[in-house]
Amino acid sequence: MSDLEEAVDREVAADRSKEDVVLRVEDLQKSFGGLVATDHATFEVERGTITALIGPNGAGKSTIFNLVSGFYEPDGGRVEVNGVDVTGMEPYEVADHGLIRTFQTPRKLEGMTVREAMLVGPRNQPGESFVNVLTRPGAVGEAETRNLEAAERILAEFEIDHLATQPATDISGGQMKLVELARAMLAEPEVLLLDEPVAGVNPTLRHELADQIRRLNEAGTTCLLIEHDMDFVMELADPVVVLDQGSVLMEGPPQRVQTDPRVIEAYLGGGA
Amino acid sequence: MAALDYPRGYWAELTRAERGVTAFLVAFGALLLFGLLSGGLAPAYFLYLVGIGGMYALLSFGLNSQWGFTGLINFSVAAFFGIGAYGTALMTGNTSPIAGGFNPLVGLLVALVLAAVLAVLIGVPTLRLRADYLAIASLGLAEVVRTIVKNQRGWTNGTAGIRGIPSFFEGWPVLATFPTAMPTLEVVVSPGWRTAIDVPFVGLGLEFEIPASTLVLGTSFWRALLNVALVLTFLGASYALLRRVHRSPWGRVLRTIRSDEDLARALGKHTYSFKMQSFVLGSLLMALAGVFYAHLNLFVSPGDLDPITTFYVWVAVILGGSGSNRGALFGGFVVVAIRQGTRFLNEFAWIPFDVAPLRLLLIGVLIVVLMRYRPQGVLPPQRELIWPSAVDEAPSRPDSGVREAKGGGGGE
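For the protein sequence lines, the chains are A and B, in the order given. The first sequence runs 823 to 1094 under our numbering. The second sequence runs 254 to 665 under our numbering.
Next comes chain B alone, as it looks inside the complex (with noise of 0.2 Å):
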């Protein structure tokens, strides 16, 4: 609690890409305030978007953990969020056509199970080969998912999905009934604070006031805060674990194999293994955010093994950094803010044309700009890795990290 007790001499020691994430998530935070404040955001929603955000942070962890840190380049990401998804859809869910009915825990045994099966059946013809092969692979065997999955409505129910999947606490004391059983809150927001900024040049005023508003927090608020509970239970233990096996001996395997695998191999590391690992890793947790999802959405179908949601996971680690875990995590939530927050943009009736189907562009545009300016991404892994008890004396600049060095020559 560093930053409590001493607020300035840790702000000091933040590189300047940290200091301005901080600043970033402040705003962000005051505006995600405001909107709830106003009346523009319902709690609940806002609940929902926080889960979709931690979804993402859990599979940007997956890719990391392959991309990042071994430099697997994996396109079927999608897939193994669409089997954890239907792994435990499949058992929990009243019209599956196979085993409805069991506990949300069978469901997430079961979808983990399904998605290491796959990751080493994929593994195993592709990773003794160069890095393209599984690229290539990866990226047929995500359509093969989703087109058995279309298409085998005897397991799968075909396009029509499945439904009546519990929430994940279905059958846990207390929890169960936690949503129903927490009384409805009323919160009376009073008005009172306005404030008026004028644009110059464009004539405009805008008008930021809040009106007085009831907020009213229901079964459906509780359900989602339990959501959320969940997901932050998935994300904190996920980020433990790879934060440990960034800094071991065994990560250091993975970004030797990133930089060079012959030199791995030749200073007697087994790759193939390491690399088999490293993928089962990050499919696992690709798989827990499909289980996250269908007991969100409390609905699974085809869709949602659509490839966009790889692309998307891609952007958030390439965006955060790769090989840097809190870069994942907060490439994982920007990416659900920016696909969120175009479609509120829209409200703003001064913006003459409809943004949100402009979603896709500005991602884009994000990324060729983040590409030529800061080709390492927003938080990149910056201090030396090594087990933390062997190393009493940090180098003299931890900060000045090795990929620091190095910015902004966008040409090397």
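So that you can see chain A by itself, here it is in the shape it has in the complex (with noise of 0.2 Å):
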């Protein structure tokens, strides 16, 4: 590589030239009060992908999640989903563009059973209007039986039918990350947002989650996810974006970005 060429690849870290994008950061900015959080951070996620997003500690992972599924709003940039400029958007307003994300620790659903906690899942059920619930419960009624059939096809899918009658809360924490996962599908997600997905899991869990992620993406689901775990990631992911003091590093191939002297150098804690 010329230096000329390591100078262009340094300015815009992120891969620019693929062709089908699903979605695309553009120019991310946030702060809070004078931290920096998110610094002018530039990506895409190619369809069909499985796409990382690592990076050391408070390298702004979780905040560009956040910003990207409408939790925070950006003080800068765009974030665009399908083409669609879903910018500051709400949550429930990005969700129906097709972008769906988990949480790092699993939600409870207190008072649910598994399934019907995977009920939440299906984006606009016909029962979730007041007036439907009353004026047609015969839609409501056949909307429901879909939805649970599905819940339950998903869930056998996941392996874990035996849990569907368990109380949502008294699984453990791996099966959380699985029902977790088994929901966000039942929204049918264009893009899928994995939010640390086996953090706290158990070796075979993990193995688990991963062969159901490959699955998934198999069967057409983009996914982006931020992990700690690097085995995880690198057997999993391609391409990795690198993200350092909320910027884009660089983006390669696992393989690449394993051996890079710049991500090294940020793990390590070299910073500047």
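Please note that a few of the clues may not be correct.
[Said to hold, decoys possible] One-sided and incomplete, this derived list gives chain B residues near chain A with beta-carbon spacing under 7 Å:
| # | residue |
| --- | --- |
| 1 | Thr-268 |
| 2 | Ala-270 |
| 3 | Glu-271 |
| 4 | Thr-509 |
| 5 | Leu-520 |
| 6 | Trp-640 |
[Unchecked claim] Restraint ranges, calculated between C-beta atoms of paired labels, are given here:
| # | chain 1 | residue 1 | chain 2 | residue 2 | range |
| --- | --- | --- | --- | --- | --- |
| 7 | A | Glu-974 | B | Ile-389 | 42 to 48 Å |
| 8 | A | Met-1052 | B | Tyr-626 | 44 to 50 Å |
| 9 | A | Glu-932 | B | Gly-617 | 22 to 28 Å |
| 10 | B | Ile-351 | A | Gly-910 | 53 to 59 Å |
| 11 | A | Gly-910 | B | Pro-560 | 37 to 43 Å |
If you're looking for bench data, these hints aren't it; they were derived computationally from the structure. Given the structure is predicted, the values throughout are model-derived calculations rather than measurements. We put the CB at the ideal spot given by N, CA and C, even for glycine.
Assemble the dimeric complex from its two separately framed chains, guided by the hints.
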């Protein structure tokens, strides 16, 4: 690589030559008081990939997730889902454009069984309208039957159908992660944002989660994931986007990222 | 009517809590029957108490659909109750400074519209914020409403209140004249049943005896009976409505918001709109209770908006089990039983002090004990809530319900 090429590469660290972009993050900025959490971050996620977002602690990965999914409002920049500008939209509107996220710590739905918690997933259910519940019970019932079948099918695909009628709060942390993933699939996302899908999960379930994510991806779901477990990322993701101090340091296939001196330096705490 | 056809099977399917509640209700019913037959409790007054109990149950339904379903902390139950009562009183009462003399149905409508408008007004600025803001704002709102009612003499007669409110059935065919048209019945209770219980240790002998007496069922009795029918109609309709929406996907989104609003948002639910709907629904039910109260009492005053009502209703909902409709129903009646029952305790001469003023203390102790030993309430929602036609097989143990499983774990 010549000096000139390397300079260009640094300026736009992310690969901008992708053809079918499902999520585009452009020049995104966010600061909290004096702390710059996201510093002109730019990257793209190509349809059909499993893209990983990695970086040392405090690199701004979670902030980017919150900005993209609408939980934070950016100070500047743009987010596009499927070519639609969703910058500054409410989370439910972003979800309506096909972007669904999960959370780092599994969210517990108290007082629900697993399959009941799954049924929160499908979007635009007719029974979510108060008026429909009273005036069109037939349609509500049909949709509910369909959704329940879909929920049980997906639970079976995730091999957790034996948990269907268990209290959603009584299952293990790893199983909660599986349920959360399964529920997100019921919302039929075009792009799925997974926030540390295997944090605190035992090795057996970790493999299972990796298999499931790969299976979903092969079935057509684009994934963008944050993860600290490097083996997991290297096994699953391509490409990998490296974030450091709020901006994109580089992007590339896992092998190249792993051996890149800039990445090693960022992780070892060189920082500047 | 499974309970009648297979009493044994029905009993076996109940949870322990349900059995306890059933036994308690039977015992309490027997006590009331004894009171009625022995002449200690006048029938018309008894029906009045049932009406008040129904009113509290309605208020509890309202709070349950806000706090129990969605987790909205509303401390202005009394304000919405008062809006309902004043709404109908101002339209129908003949000392109303605004527009007396309308049919009570008009009053009902006006009261509900007023409550809905007020709910939206308070909801718009607070429901987007964290849960605590609604709590603070609603607490303030309740006082604002009460102060306005008390001081705006031109609109509300101030502290003098509004008199001359007709009964709810005024102007209806048949029902309007039903109480006076009914003949006065005299029921003779024949004596002869008596029993004596010796209380050990204390050295007291209690004697129960039904003396010969005649119960006179006159106009006031029939009027009270009509009121009870009215409140039972309100209750039945509200219960049917809440039961349906609670099991619907709509109710499921509310329960998701209660557990974790961010999760609901991430899954594409417009949580603000859902919270607003839940808040307005609850406020309407509270106003409905107010409408009933105005036509029961036939007089409203600013004292009816005292914040104490709010806290009694909270006690009822927590006692019954947050999120459970039948729990709210049970809690509403229990609170009235405690409030009114303590008046009767003084009849027992062997209690050496005046019990009635300790009412609040008793309720406080009850709540502390409940929170320690059964934080989920007496009748928590247990079965999973999925639209009935979609579930063909129930989970293997329906009553092992979700909350039951972690029951007793007070520290969780």
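Hints, one by one, checked against the model:
Restraint check, Thr-268/B versus chain A: the minimum CB separation of about 15 Å is more than 7 Å; hint violated. Because the smallest distance between the Cβ of Ala-270/B and any Cβ of chain A comes to about 15 Å, over 7 Å, the interface hint for this residue is violated. The beta carbon of Glu-271/B comes no nearer than 17 Å to any beta carbon in chain A, farther than 7 Å, and the hint placing it at the interface is violated. At about 5 Å, the closest approach between the beta carbon of Thr-509/B and any beta carbon in chain A falls short of 7 Å, and the interface hint on this residue holds.
Interface restraint check for Leu-520/B: the shortest CB-CB distance to chain A comes to about 6 Å, inside 7 Å, so the restraint holds. Hint on Trp-640/B holds. Least Cβ distance to chain A is approximately 4 Å, under the 7 Å limit. Separated by about 43 Å at the C-beta atoms, Glu-974/A and Ile-389/B satisfy the suggested range of 42 to 48 Å. Under the hint 44 to 50 Å, the C-beta atoms of Met-1052/A and Tyr-626/B, about 49 Å apart, fit the expected range.
Separation of Glu-932/A from Gly-617/B is about 26 Å and conforms to the stated range, judged on CB atoms against 22 to 28 Å. The supplied range of 53 to 59 Å is broken by Ile-351/B and Gly-910/A, whose beta-carbon atoms lie about 46 Å from each other. Range check, Gly-910/A to Pro-560/B: about 41 Å between beta-carbon atoms, so the 37 to 43 Å window is met.
Hint check: violations occur at hints 1, 2, 3 and 10; the rest are consistent with the structure.
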